[in-house]
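Visitor: So you can see what is in the structure, the chains are spelled out below.
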Amino acid sequence: MAVQILIPTPLRAYTKGEKVVSVEAGTVGEALRTLTERYPELRRHLFNEDGRLRSFVNVYLGDEDVRYLQGEETPIADGQTLSIVPSIAGGSGWRSGRWITRP
Amino acid sequence: MALRLRREHAAQIQAHVEAGYPAEACGILLGREVDGVKMVEGLHLVPNRWANPEEQTHRFFIPPEEVRTAEALAARRGQEVLGFFHSHPDHPARPSAFDREHAWPWYAYLIISVEGGRAVDWRVWQLTDDRSAFEEQGLEIVEDSG
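Protein chains in written order, with my numbering: chain A, 2 to 104; chain B, 6 to 151.
No lab work stands behind these hints, which were simulated from the structure alone.
There may be inaccurate statements among the hints.
Derived DEER-like restraints, expressed as beta-carbon distance ranges [what the hints assert, rightly or not]:
#1 A:Ala78 x B:Asp126: 48 to 54 Å
#2 B:Ala77 x A:Ala14: 21 to 27 Å
#3 A:Asp79 x B:Thr74: 35 to 41 Å
We put the beta carbon where it would ideally sit given N, CA and C, even for glycine.
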């Protein structure tokens, strides 16, 4: 199935400036893997060291967040569009005079 | 790569982060990049949606649907999402390791230190390509006609 992946502005530096990348894939996960095989420098900004999508990276199939579908296993129909959208989390991490550390 | 902010937008950001104190406050910067300068032409102010309100003094969250809304708003105006701002209540305007884990390069991350309810220090940061660090960028505040 041909799927169009919309590349957000910050990541276009890693897709040779392409705003839309077309790949052949049957699932969302396959589409993202194909994308990062074609543009390996994208990988670290989408996936963590364990190969899982970073927690702040969200993928939409059309208008649906794939986390509420079948995640990376979500099947893709021909001609659908994938969007990569960040959520933004952060903060000082400072409380009661000490740093909050993650487990 | 500098961030250029009009005084009217700086005033809106200041009011937003001071009103949010002692919680962190946040928002989205819209505009255009011209010759490497990110020129803010609009703001999308959003509530801090970090799930646990008790932790909002040191954490913030902007959900993806707010980013999509901002992207659509920007696209209608021929703009794009240039970056994000958030406050660090009673803490320096420096990104934390947590900030770095949740960032992308290119975006401008404006952090405002709010001490005792007053915005006292404004700094702009950009993530390096290898995700290893934030580098400080220039911040220009210009008159509204600029």
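Visitor: Given a hinted range of 35 to 41 Å, is it respected by the beta-carbon distance of aspartate 79 of chain A and threonine 74 of chain B?
Guide: violated, 28 Å
Visitor: Within 21 to 27 Å: is that where the Cβ-Cβ distance between alanine 77 of chain B and alanine 14 of chain A falls?
Guide: Given range 21 to 27 Å: holds, Cβ gap about 23 Å.
Visitor: Do the Cβ positions of alanine 78 of chain A and aspartate 126 of chain B conform to the proposed distance bound of 48 to 54 Å?
Guide: Distance hint for alanine 78 of chain A, aspartate 126 of chain B holds at roughly 50 Å.
Checked against the numbered hints listed earlier, the structure breaks hint 3 alone; every other hint is satisfied.
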